[in-house]
Amino acid sequence: MKTMSSEEIFVCTVGMCIVSYIPRVLPPFILAKVKLAHWIERWLNYVPTSVFGALVFSEIFLDGSQLNFNLTNISFLASIAVFIVAVKTKSLSKSILVGMAAFWMLENII
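Mapped onto my numbering, the consecutive letters of the sequence shown carry residue numbers 4 to 113.
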């Protein structure tokens, strides 16, 4: 088995950086020159929220491949505390701190 030289590792790393950077930079440049229909722009505004919701839902309620909605689910209980703080304070930083504290307490103390 041949090992890679430092030069080959560097070239691969630069190549991977370029390949992962292009899909992030190219769309804004292309879309900046194109005028989208109003309904498409409105629809695109919901994409980050829906992606975030899907990621959060799977982290909170999926235990492997099983849905877990019961009160033994620590992530679910911590998310209830986060929801209450988020609704009352509308503060992202307070919500994050409460979520981390609630999860830690549920996992380590209770």
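Think of the hints as simulated: they come from the structure by calculation, not from any bench. Glycine included, every Cβ here is placed at the ideal spot set by N, Cα and C. Among the hints, erroneous ones may be present.
Using C-beta positions, here's what the derived DEER-type ranges look like [as the list claims (entries may be wrong)]: (1) I113 - F72: 13 to 21 Å; (2) S96 - S8: 41 to 49 Å; (3) L74 - P51: 47 to 55 Å; (4) L100 - G56: 17 to 25 Å; (5) S94 - G67: 44 to 52 Å; (6) L95 - V22: 15 to 23 Å; (7) V50 - S8: 36 to 44 Å; (8) Q69 - S96: 29 to 37 Å; (9) W46 - V17: 33 to 41 Å; (10) T52 - F79: 15 to 23 Å.
**Prompt:** At the C-beta level, are L100 and G56 separated by a distance inside 17 to 25 Å?
**Reply:** holds, 21 Å
**Request:** Confirm or reject the claim that L95 and V22 have a C-beta distance inside 15 to 23 Å.
**Result:** violated, 32 Å
**Prompt:** When you take the CB atoms of I113 and F72, is the distance between them in 13 to 21 Å?
**Reply:** Given a distance of about 19 Å, which is inside 13 to 21 Å, the answer is holds.
**Prompt:** Do the Cβ positions of T52 and F79 conform to the proposed distance bound of 15 to 23 Å?
**Reply:** holds, 20 Å
**Message:** The hint says 47 to 55 Å between L74 and P51; measuring C-beta to C-beta, is that right?
**Reply:** Taking Cβ atoms as reference, L74 and P51 lie about 31 Å apart, which means the hint is violated.
**Message:** 36 to 44 Å was suggested as the range; check whether the CB atoms of V50 and S8 agree with it.
**Reply:** holds, 42 Å
**Request:** Could you see if the CB distance from W46 to V17 stays within 33 to 41 Å?
**Result:** holds, 36 Å
**Message:** Taking 29 to 37 Å as the stated bounds, is the beta-carbon spacing between Q69 and S96 within them?
**Reply:** Because 33 Å falls inside the window, the suggested range holds.
**Request:** For S94 and G67, compare the CB-CB distance with the range 44 to 52 Å and indicate the outcome.
**Result:** Because 33 Å falls outside the window, the suggested range is violated.
**Request:** Kindly confirm whether 41 to 49 Å is satisfied by the beta carbon distance between S96 and S8.
**Result:** Holds, since S96 and S8 (Cβ atoms, about 46 Å apart) stay within the stated range.
Taken one by one, the earlier hints fail for this structure at numbers 3, 5 and 6, listed in ascending order.
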